[in-house]
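There are 2 protein chains.
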Amino acid sequence: MDPMTEQAMADIARERKNTSFSIQAMAEYVDGGKDLHNARKLAHNILKRDPQIAFETNPFDLTRAQWRWKTAQQVSRINEIRATLGKTDPLLADAISKAAGELSESLSMKMYVHDMLYHQSIQLFGTPAQIKEFIPKDPRIVGCFAMTELGHSSSLRDLETTATFDPKTNEWIITSPTLTSTKWWIGAAGQSATHTVLVSQTIVNTENHGLSWFIVPLRSLETGRLLPGVTCGDIGAKAGRHGLDNGWIQLTSVRIPLNNMLSKWMQVIPSLTQPPRVSPPPHPAVMYATLIPERISALTLLQVLVGQSVTIASRYGVVRRQGPGNPQIIDFQIQTVNTLPLVAGLYVYMNAERKIQGRWDRLRLEAVKNPSVYLEELPDIHSVSAGFKAVGTWWGSYALETCRRACGGHAYSAYNAIAGHIADWGVVTTGGGDNYTLIQQLARYVMGIIQKVLANKQVACIGSTAFLANTQQILKQQYTFPQDGFKDLHSYVTLFSSLVVKMGADLVSKFKETRKSNSTADVWNIYMVDLTKLGTIFVYQHLFSLYQGMSDLKNEAISPVLLKCGVLFAADVVRRELLDSVLEYECMTKGQVERLRETVYSGAKELRADVVGLTDAFGFPDFILKAPIGRYDGDIYRHYFETVKNAPDCFKTPYFEDEVKPLLKGRL
Amino acid sequence: MDPMTEQAMADIARERKNTSFSIQAMAEYVDGGKDLHNARKLAHNILKRDPQIAFETNPFDLTRAQWRWKTAQQVSRINEIRATLGKTDPLLADAISKAAGELSESLSMKMYVHDMLYHQSIQLFGTPAQIKEFIPKDPRIVGCFAMTELGHSSSLRDLETTATFDPKTNEWIITSPTLTSTKWWIGAAGQSATHTVLVSQTIVNTENHGLSWFIVPLRSLETGRLLPGVTCGDIGAKAGRHGLDNGWIQLTSVRIPLNNMLSKWMQVIPSLTQPPRVSPPPHPAVMYATLIPERISALTLLQVLVGQSVTIASRYGVVRRQGPGNPQIIDFQIQTVNTLPLVAGLYVYMNAERKIQGRWDRLRLEAVKNPSVYLEELPDIHSVSAGFKAVGTWWGSYALETCRRACGGHAYSAYNAIAGHIADWGVVTTGGGDNYTLIQQLARYVMGIIQKVLANKQVACIGSTAFLANTQQILKQQYTFPQDGFKDLHSYVTLFSSLVVKMGADLVSKFKETRKSNSTADVWNIYMVDLTKLGTIFVYQHLFSLYQGMSDLKNEAISPVLLKCGVLFAADVVRRELLDSVLEYECMTKGQVERLRETVYSGAKELRADVVGLTDAFGFPDFILKAPIGRYDGDIYRHYFETVKNAPDCFKTPYFEDEVKPLLKGRL
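Residue numbers (full-length UniProt numbering), protein chains in the order written: chain A, 1 to 668; chain B, 1 to 668.
Just so you know, these hints were derived from the structure itself, not from any lab.
Treat the numbers as computed from the prediction; the structure is a model and nothing was measured.
You may find that some hints are simply not true.
[To be verified] Partner residues are not named here, just some residues of chain B that face chain A (Cβ under 8 Å, in silico):
{"hint": "1", "residue": "Pro3"}
{"hint": "2", "residue": "Ser153"}
{"hint": "3", "residue": "Trp185"}
{"hint": "4", "residue": "Ile235"}
{"hint": "5", "residue": "Gly323"}
{"hint": "6", "residue": "Thr430"}
{"hint": "7", "residue": "Tyr637"}
Even glycine gets a Cβ: it sits at the ideal position worked out from N, Cα and C.
One chain only, chain A, in its complex shape:
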């Protein structure tokens, strides 16, 4: 065996052996318990052995057309498997869907637009009768979700698509009146969707009643051909997600029945004698509720994609040496300090994702059972999910790029997965709600509460904003980071609380002053960067509050290392992103800034010995990782070389006669 291979394999085996905690216990924690852990392992094995799903060719050796086809094939096969093996075992059926999501981001999204976006829209916007009608139809259709337009995304109220009610026939006429109203980026609309839920301006009696949701058939169920009046096309080449047929949709006077408007919150009631009557929604936010699960799903994706990249980078860092006598590269301080906070951060976000997802799962049941509870909590979870999506996905970008750099040149090869994760991830910071917009949405919500508290107006500080009830009290104190607080998560939570309140209160008074000579929109714009910061710190406050309160910290097998993860990530966040605010509000002295840096360095070094265990516990098998340099067994070079040698055209120069020969005759 190659000497470097031998050393690499011995290195990773030794690391694994020396892990300070039970990797098995941690893996079960990560998967949410023993049963779920076992179901996930079983699902992995089912997928791994299925040649239509875990196909032989590296996806980066496929053409776009082939990749789209293969992904469609995977969807089709996953459904067969769920319908057969998962039939009597819902835990397994669910695990298969999740495992499929780990296998390929294109596959994941192609399933997601139907399973989640299309479905949940009907659940959230449909009446009980409509849910009953449209969900049973579901097995016979492929659904997608049409919101964004070529000319509009962040400002939904300016969408141009119109649905005009025709009282003569009790139908809606759906139209894309301009080029810029073309629905754009719609996942699965490019080649495969037969139906879409579509958001549109709602015109009744020549009056625009705002946005509502419609079910529009797109393609024939028999032939797959576009229905009359419908033009859909594939969006072509993208940065990543090459297997997903994102598409565009133009509708030209397409007629659909009245009942195809989802009518839980807004109803149009026709009459034989009078003009139709419109009953408006109780709160505009209810009309955007599908955005909430969509945003929470960004945190799930963080675990999947960033989790895989961090696993690869950690293992590579452990097995890679620049020659046999040299150190493992992860032990270079800059690599330790870059990599370990990523591992820690994933555990911190994992907890938040569970808590917020759990809250939403409870809440969306209330939408049916108990609409007033639903309406009361909606603004908070709406804002929180927006903020977490923004801050979490920005961090994900940073994490992925850090992983790529940690692997040097070899992560530039498509065969080592990270490059593909970066490309797939690209859309996440701007799609599903542009991050700049989302973080301001949260800031607006937070500012609203602080404003009211300061004005002694009645305001319910529910959910994430509970700590804002103490605004007046926090404002009275000069907060200084406790001298012995660097290893205590609570200090960081208090720091974030204090910063949110102080920045918020400052902005409230700056707003007042500036409003004297500016419009409200201008005032907002003058402080937009500061407001972005406010929103970001609010997210950290909630992120670490949730982590501080996690019940799992009581599990002794894993709690010490989880606690270290929390402290390391909190210190890292302050050091990388918040020093300016910390110093502006004099929350730390010069000496403390040095201590903070030391906390990151020493915390990273301390967790370094557990890096293999912590990432093994994420539970991604090699066939999911698809990255020879991140192999479980450390045998990286041979497998990497084999992958390259097996790629098509490895030993061919088809253009030698045509293009190289002329050069050999003479150059300038």
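Position chain B relative to chain A; hints supplied.
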């Protein structure tokens, strides 16, 4: 015309008209004078009209094999054009090469490995006789440059390839003894190179004399087939640069003549009676000199790739509105504050690239005429080029991602270029010298000088380190940023000088203390993150010193705006990257940190009105940009839509019967 299109075109025309300076004057400055400007425009027109170069299909609609072929075709055609149209006009010939580099990064690199890396290696490492021999041969070969190995990159001294001298035949036997010694990532080795310069351990009389450079034939000039003992293959799928055939090389006892070792600095002198004698190089750095132009070229690439992305993002920011009544998105404060420092930064780096390139051009002539001058200045430019490559390319990554986000979802389409730039750029922070390694190389150089100055040892503070001659003086003063210095470039230069000296001196004493109980390598590792920071700040010191001294600031047509660019970028750099150091060394008060932030906000807002002019002056025509959303005329939506509609398979679902139909029969 679509209403949003009409508005977009009017918006950009108005911006252009209202630019505060002469765009033509700035464009000539950017191109380095009127003659060069005209040559570039002519070169653009020649390329644009050539169907083999500016081919119709969008490159992202090609397969990898097609893209590799097309790029080879472009190289071949560019050479014909240079040999014909450029024959009597060296300015034009050069402009054609540069314009080709703007058109495609794959093309650029494929030309570069032969024209620059292969050529310059012979020039820098060859004797006059060898230069004469190998350069005239050049028109009959395609050269590449083999350094990196599968198992080694940053630690060159651990490379495993061996060249063993056989005194019986006066030949070298070149061998790749292990899998990990496989030369890896070698541009053009995959399919097209016929020769390589190759760095290898040099074994004479069974003793290893370190690295030297060899010319090794790889493929038959007649048939393109691999020569006996040579195994080369294509590296397959990468993140980007899909048209470039990066490859790998394994050599098995390949024999080449003695004279194929480039022998300017190190010679092997055979003898009939005695063992061969080895004359070692005067300084190890001379053996790595090709790395200098390679690193400077990263700054050129910054102008080309990041310049294009910033042009696209700026124009899109100006024409994009979320509906007709809404603001131009670039006027949202967060967009202004993100985008304008990028524009400014490009002008600042542009100046540095010229100065450093100019210095190297002078210096490499000295290598022949005046080796002692060459040897004296080599360590400085070696370290400076390393540091600039690291800091410049890190900034480039940040800039490209910021551009992508500034364009929202539409930059996720491959047809709008930025996604491709990000993918192409990916390799730059780790390839051509890993940035983490390079910045430490510079830090080591800087620390060496500061150590000597502090110990009152004789040291020549030449080139970039001139200011370190004042180390003792700077240390004596408590530096505080001048109250009225925020708009004065000089304040920032002084700030950077002061920080370098103070951090350096602190590290010198920390080193002394730590060395008592640690090895030298461990000491370095304990402070590696701090040393990275030291190197980074040193780069900024030099970057802004060079900008401050630029003679072009006397050109009144453009100097006011250029000066604003310098101040904005300096303030932005401190705000984004250096606040922790500024505060640790108490260089700014709390109030000044706020002023600094205000300087960035107001500076960005002030330059905002010139954003179209400043990016127009970069001089990238639409056929180079290949991004409908960055079109010169603002007519973005129609062209974007046409590109998508013309992509292959836009209206096809080839897998409907096989993969969609099964779904319509029933899902779980």
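Hints and how they fare:
Interface restraint check for Pro3(B): the shortest CB-CB distance to chain A comes to about 7 Å, inside 8 Å, so the restraint holds. At its closest, the beta carbon of Ser153(B) sits 6 Å from a beta carbon of chain A; the interface hint therefore holds under the 8 Å criterion. Among the interface hints, the one on Trp185(B) holds; its C-beta lies about 6 Å from the nearest C-beta in chain A, closer than the 8 Å criterion. With 8 Å as the threshold, the beta carbon of Ile235(B) comes within range of chain A, its nearest partner Cβ sitting at about 6 Å, so the hint holds.
For Gly323(B), the interface hint holds, since its Cβ comes within 8 Å of a Cβ in chain A; the closest pair sits about 3 Å apart. The criterion of a C-beta within 8 Å of any C-beta in chain A is met by Thr430(B), whose closest approach is roughly 5 Å, and the hint holds. Residue-level restraint check for Tyr637(B) holds (minimum Cβ-Cβ distance to chain A is 5 Å; threshold 8 Å).
In summary, the structure agrees with every hint in the numbered list given earlier.
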